[in-house]
Amino acid sequence: MNAPTHDAELQALAREDAFSLPIDEIDVSKPRLFQEDTVGHYFARLRRDDPVHFTENQFYGRFWSVTKYHDIMHVDTNHGIYSSDYTQGGIALWNAPDVKQRLHMFIAMDPPKHDEQRKAVSPIVAPMNLASMEGTIRARTAKVLDELPRNEEFNWVQRVSIELTTQMLATLFDFPFEDRKLLTWWSDVATSVPEVDHVVESQEARMAELGKMHAYFTRLWNERVNAPPTNDLVSMLAHNPATRNMPPLEYMGNLVLLIVGGNDTTRNSMTGGLLAMSRYPDEWAKLRANPALVDSMVPEIIRWQTPLPMMRRTALQDAELGGKKILKGDKVVMWYLSGNRDESVIDNPEAFIIDRPRPRQHLSFGFGIHRCVGNRLAELQLKILWEEILKRFPVIEVTSEPKRLLSNFVRGISDMQVRIPG
Amino acid sequence: MPRVIFIEHNGNRHEVDATNGVSLMRAAVDHNVPGIDADCGGACACATCHVYVDPGWLPRTGARTEMEESMLSFAAGTLENSRLSCQINMSDALDGIVLRLPEGQH
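Note that the protein sequences, when read in sequence, are chains A and B. My numbering puts the last residue of the first sequence at 433; the count rises by one with no breaks. My numbering puts the last residue of the second sequence at 654; the count rises by one with no breaks.
Just chain A, with the same shape it has in the complex (with noise of 0.2 Å):
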């Protein structure tokens, strides 16, 4: 699995201005740093410089980044200090100055709302409904694999990535499968920043794309609603006393929440993952001698890639935190994706290493209350994939750089062109 060298010029001239900056010029926030895949640096240097590092940005405002493992840890199980309530401003760095422009969804709502809407959903990925989709996933993942061509480019995202995470969430909601391609659509909508990536062109347009997705939803609501339950999202949410009297908001909150939640997540996963074995061709010898480490090595893949990198949270009272005073009423960012590179915690953390001790203690899936309901389910759409990749597939051959998403809230790839020889 060999790729084109990344680009280190690009990384070598990042690192000297990450490192030669005046530290308050510092804004990890910017989104072309995640499209170079440059933020790294920038991140390195907060760690070892000014871990709790406050930023006036035009766009977003002010903010706090919290870039160590353990005051992420802090600020993620504290969620009696730390909201991420909507009306509080939510869970992304950038929010809607009007409340009803905010999504209402149970990520972005503080206990008792958020236990109650939580605990709606989480069965249909409690163990025992994970063992029954084993079977489904893994036909369609070799499906998918099996049609793959041979000798000629194509782009991995579009052809595996996005195609398993959108069955997969077809088949959550219980959504017509010919028109599951809506699904993806509408995460990319719905994680869009029109004034930055111009996904849609505007916060107007984005709401109405997502109030079309709310009415087809609303349909799959009506049938179900007076319909003897079924093991599916929609039905689940209709039939639960808390959360079968939502207003209009709060659904299309949810959907978006379990939309985007099973979606950006796991498939740039899927892609970072084959990314990580084309730059660490070692690894992938390693694992092909010994299968049983793909245990391990999904979690390092969800590590390494750190699909979500940020949360945000909004601080209800003053508060300490690394030193640095907190007021009520800060913008305080967790950034997974430089926990989960924090040398103190993490040995060699810039490199992928599918043995690694405790590969499951990474921040990629939150920790605390919020912590990301779909977490099993993500890891074993990924088991099952390299499981199906090891049985065909000797070398998948990664032939670009990857196209990055011009985005700090989804560490994204749109385009990673490769080639398996046949």
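Please note that a few of the clues may not be correct.
[Said to hold, decoys possible] Example chain A residues on the side facing chain B (calculated, C-beta under 8 Å, incomplete):
id: 1; residue: Asp87
id: 2; residue: Thr88
id: 3; residue: Ile92
id: 4; residue: Asp126
id: 5; residue: Arg129
id: 6; residue: Lys130
id: 7; residue: Ser133
id: 8; residue: Pro138
id: 9; residue: Met139
id: 10; residue: Arg369
id: 11; residue: Arg371
id: 12; residue: Phe378
id: 13; residue: Gly379
id: 14; residue: Arg382
[As the list claims (entries may be wrong)] Not everything, but these chain A residues come out facing chain B in the computed CB check (under 10 Å):
id: 15; residue: Ala137
id: 16; residue: Asn140
id: 17; residue: Asn301
id: 18; residue: Ala303
id: 19; residue: Ile380
id: 20; residue: Arg387
Hints were generated in silico from the structure; no laboratory data involved. Glycine included, every Cβ here is placed at the ideal spot set by N, Cα and C.
For this one, chain A is given, so just place chain B on it according to the hints.
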């Protein structure tokens, strides 16, 4: 050294040493007992070291904290005798404690 008995969901039994003052989760992880994932490393922040404490032993393990209560409320198959094993420290009083493991950690 006091001992802990872990019984996997499939019935497999593991009797392991545990050092006083160290968590029962750590005892499981240090002895590679399958079925204790312990993703957060003992911070009461993930609920993947969920165990069912044998009812006779339950009173000796102390009470759940508010955070443990929250995390357990999101785990699958939580019962009266559910605890997070990272929140129980070993002591002579717990020598021989029996912990059953759930079907999976979530």
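Do the hints match the structure? See the list:
1. Checking Asp87(A) against chain B: minimum C-beta separation of about 7 Å stays under 8 Å; hint holds.
2. For the restraint placing Thr88(A) at the interface with chain B, the shortest Cβ-Cβ distance is roughly 5 Å, inside the 8 Å limit, so the hint holds.
3. Contact between Ile92(A) and chain B, as hinted, is not supported at the beta carbon level, the nearest pair being about 13 Å apart and thus beyond 8 Å.
4. Below 8 Å, beta-carbon pairs count as interface contacts, and Asp126(A) has one with chain B at about 6 Å; its hint therefore holds.
5. Look at Arg129(A): its Cβ gets to within about 6 Å of chain B, closer than 8 Å, so that hint holds up.
6. Given hint, Lys130(A) at the interface with chain B, holds; its Cβ is 7 Å from that chain's nearest Cβ, closer than 8 Å.
7. Given hint, Ser133(A) at the interface with chain B, holds; its Cβ is 6 Å from that chain's nearest Cβ, closer than 8 Å.
8. Below 8 Å, beta-carbon pairs count as interface contacts, and Pro138(A) has one with chain B at about 3 Å; its hint therefore holds.
9. For Met139(A), the shortest C-beta to C-beta distance to chain B is roughly 6 Å, which falls under 8 Å, so the interface hint holds.
10. For Arg369(A), the suggested interface contact is upheld, since its CB lies about 7 Å from the closest CB of chain B, less than 8 Å.
11. Interface restraint check: Arg371(A) against chain B, minimum CB-CB distance 4 Å, threshold 8 Å, status holds.
12. Hint on Phe378(A) holds. Least Cβ distance to chain B is approximately 4 Å, under the 8 Å limit.
13. Below 8 Å, beta-carbon pairs count as interface contacts, and Gly379(A) has one with chain B at about 5 Å; its hint therefore holds.
14. At a threshold of 8 Å, the smallest CB-CB gap from Arg382(A) to chain B is about 6 Å, leaving the interface hint in force.
15. For the restraint placing Ala137(A) at the interface with chain B, the shortest Cβ-Cβ distance is roughly 4 Å, inside the 10 Å limit, so the hint holds.
16. Taking 10 Å as the C-beta contact cut-off toward chain B, the hint placing Asn140(A) at the interface holds, the least distance being around 9 Å.
17. The beta carbon of Asn301(A) is not positioned within 10 Å of any beta carbon in chain B (closest approach about 17 Å), and the interface hint is therefore violated.
18. The beta carbon of Ala303(A) comes no nearer than 13 Å to any beta carbon in chain B, farther than 10 Å, and the hint placing it at the interface is violated.
19. For the restraint placing Ile380(A) at the interface with chain B, the shortest Cβ-Cβ distance is roughly 5 Å, inside the 10 Å limit, so the hint holds.
20. For Arg387(A), the suggested interface contact is upheld, since its CB lies about 5 Å from the closest CB of chain B, less than 10 Å.
In summary, the numbered hints that this structure violates are 3, 17 and 18.
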